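Dock chain H against the given chain B, drawing on the hints supplied.
Chain residues, written in single-letter form:
2 protein chains.
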Amino acid sequence: MKTRFENGVIITGNKQNAWFKQGYMVIEDNKIVEIGDAEIEVGSSNAQYDQIIDLKGRWVMPGWVNTHGHAAMSLLRGYADDLPLKEWLEQKMWPMEGQFNADTVRAGTALAVVEMLKTGTTCFLDMYDHMSTVAKVVEESGIRAVLARGVIGLCPEEEQIRKLQEATQFALEWDHQANGRITTMMSPHAPYTCPPHYIQNIIEQAAKHQLPVHIHMSETAREVQQNVDDYGKRPVAHLRDLGVFELPTLVAHAVHVNEEEMDILQQYDVKVAHNPTSNLKLGSGIAPVPSYLKRGITVSLGTDSAASNNKLDMFQEARLAALIHKGAGEDPLAVPAEEALRMGTKWGAESVFLSQVGALEVGMEADFITINPNQAHLQPAHQPISHIIYSATGQDVEDVYVQGKQIVKNKECLFLDEERIIYEANQAFQKLNQV
Amino acid sequence: MKTRFENGVIITGNKQNAWFKQGYMVIEDNKIVEIGDAEIEVGSSNAQYDQIIDLKGRWVMPGWVNTHGHAAMSLLRGYADDLPLKEWLEQKMWPMEGQFNADTVRAGTALAVVEMLKTGTTCFLDMYDHMSTVAKVVEESGIRAVLARGVIGLCPEEEQIRKLQEATQFALEWDHQANGRITTMMSPHAPYTCPPHYIQNIIEQAAKHQLPVHIHMSETAREVQQNVDDYGKRPVAHLRDLGVFELPTLVAHAVHVNEEEMDILQQYDVKVAHNPTSNLKLGSGIAPVPSYLKRGITVSLGTDSAASNNKLDMFQEARLAALIHKGAGEDPLAVPAEEALRMGTKWGAESVFLSQVGALEVGMEADFITINPNQAHLQPAHQPISHIIYSATGQDVEDVYVQGKQIVKNKECLFLDEERIIYEANQAFQKLNQV
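Protein chains in written order, with full-length UniProt numbering: chain B, 1 to 435; chain H, 1 to 435.
Looking at chain B on its own, in the form it has when it is part of the complex:
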């Protein structure tokens, strides 16, 4: 099966930052086999394609890669806003999450996946519990995902052992499943929720099975201080000394990180998932993203969960990433639009250790989205990259493809029943004993 998409504005997201005004792209099975500008194309013959799709001037870009989140928590959207982080987490989130079972997780995850797909995310990282349930939603929906059973070690040793076994078993069972759309990681929740020996046990398993590691790190100033109080060092040195960074690692947040710690992140090629909305909303602070970028540290974008965002639209994260560092540093040159786009696509894929997606290039798997530019807020229409970052939202997305297969068509998910999922999410929420 060979399909030619033509007559679109194609933003490749590749290293040269190329974009094609009269773009075409040929997809064979799940891969891009040709891409370029029709104005300089030679030797194309329609006879060679099974199907030709006219993009009618639509903008095409790589699907967003959301590198940090907890999908099931979409059920708690708006449940407890505008509270101090500790109270929000300990008195609101944890007691509610304590009631989550596989059905709750299915309802919340399906809700999240509908929202992500409709707003142009083609790959998301999920760190949560009941991960087989999450994996099944991923399989059914057509989206791509990087999944990890997040483990919190604040429990008796036998429970620690059980959780770690579960996490490892899940990672091994689901890695490369769903036609390769699912990959897995190992995930100690955070330095402040996992004792040092437990983090070591987890990364031993990761090393043994060649799985990358995902962990929350230095989200709040308080948590950094606690790490110093408990272990005599800041989180970056702590994790390095535990051997975590010997493995491919993605840290989430990295808001409170000093220059010396950046040296370490840079040295070990640790990837950073920047979660601008969540860090703002919880009052955690503003991550030193311009410094990370200057050092060549790979920075990607995450929504975190809808309980602290309160949405899962990567256009919003990219816009915010392009805006807040300019304002906070009083530097209008910080995080230009092209870098924000890359953080959400190419660098996102690199952050979750996928090499086959994140840009539209020959040989890549065809994960892409289309946007209808024929709307007032995207005019004049001469600067698609600027408009994608500063002016568009996820609601401008029309079609979504993963591995060359269409999974959203004209704003409708093809493999998920949105109406039923909305109904079930509300039912699942009502069933929880609200605290």
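No wet-lab data here; the hints were simulated from the structure.
As the structure is a prediction and not an experimental result, all values here were calculated from the model.
The hints are all genuine.
Heads up, the list lumps identical chains together, so a pair's fine if it works in one copy or across two of them.
The calculated lysine to any residue pairs, modelled on SDA-like cross-linking and capped at a C-alpha distance of 20 Å, are:
id, residue 1, residue 2
1, Lys233, Ala221
2, Lys294, Tyr268
3, Lys56, Arg420
4, Lys411, Gln375
5, Lys409, Gln395
6, Lys56, Val9
7, Lys163, Asn101
What follows is chain H alone, placed relative to chain B:
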């Protein structure tokens, strides 16, 4: 003509912050004559209405009031991003704007009004040139507006005089026109673009004709320093000493304002238009909004122009206002959702000196919008105010009413031809000699 809207979730935006789960609202001619919750309603009879509209569970809220902008500059959306402010303004914006004529202004303003209406803004402040053209677009579209010919005094005296005459004449001619939907202000552009005597001449006219004043103030640190260098005082003292604050005044930006200056703003009841996106994007900084609110200073929200935003969606401004002050101050309690909503509605109306709009209450003119909550990103649907601020965008707006008259129906402007306006905006942009 008496119309009853029923079966909606009505967010009144009034002082008690009331919202009705089974809301109804009765509009007679252009005003709200009844509003409440059907569950506790007594004595309603359908016979008394000319028309009954079933809101089918939609959320209803006051239309947004956008208190600072330059609509015509939508033509320059994405034209010059990611540049230092001085270069952006002097080398990009001003040379392009220097070529604007009435046709350009019409094209840009119509584009802006389509975008604002479709994203739920029912009233906008515009400070620009060719204001009769702007007023005509307002008249035709059905939107409400507060208009001022912004005058820059960096020119020979005779031109200053001509501009001031033009501004005064415009203000007198259009005040209370378009069925009262248009009101006018006088607007010296900024302390750094108007010599002191010229500001005094302008406010003399404002005082004479009882018009309020709108002015840019303390947007950047550099501009504050320049004011000190040129006049020996910071902008707030400078404007107070010139007598500006003796008149009802709305200042735009107010990013770099110290405690002493806040005392003055508070003393004179000066209103502040907070433009979070624009201040971030241009690297101007983050306004001390939590301090303003603590003092009871009226803070409202503005998009500024699409050249520095790059959109005109007040949902985005409200979201950003609710987010950035939490992050910048590491205080998750700063600017809760309810305050962000009020900044965009009630306090917006107060900032542009309108008492008949900004909340849904008996006696108010009926400027309101509806949102379809039946979407994944607004679920679970139990917290409409949270979801409006943190999760919705302007693209969730379905219907818009101004003075009880419907002007957007199912996401389409009823009195503007969006397709033609998009075409004309692109044509007008192409005609400019790009610098």
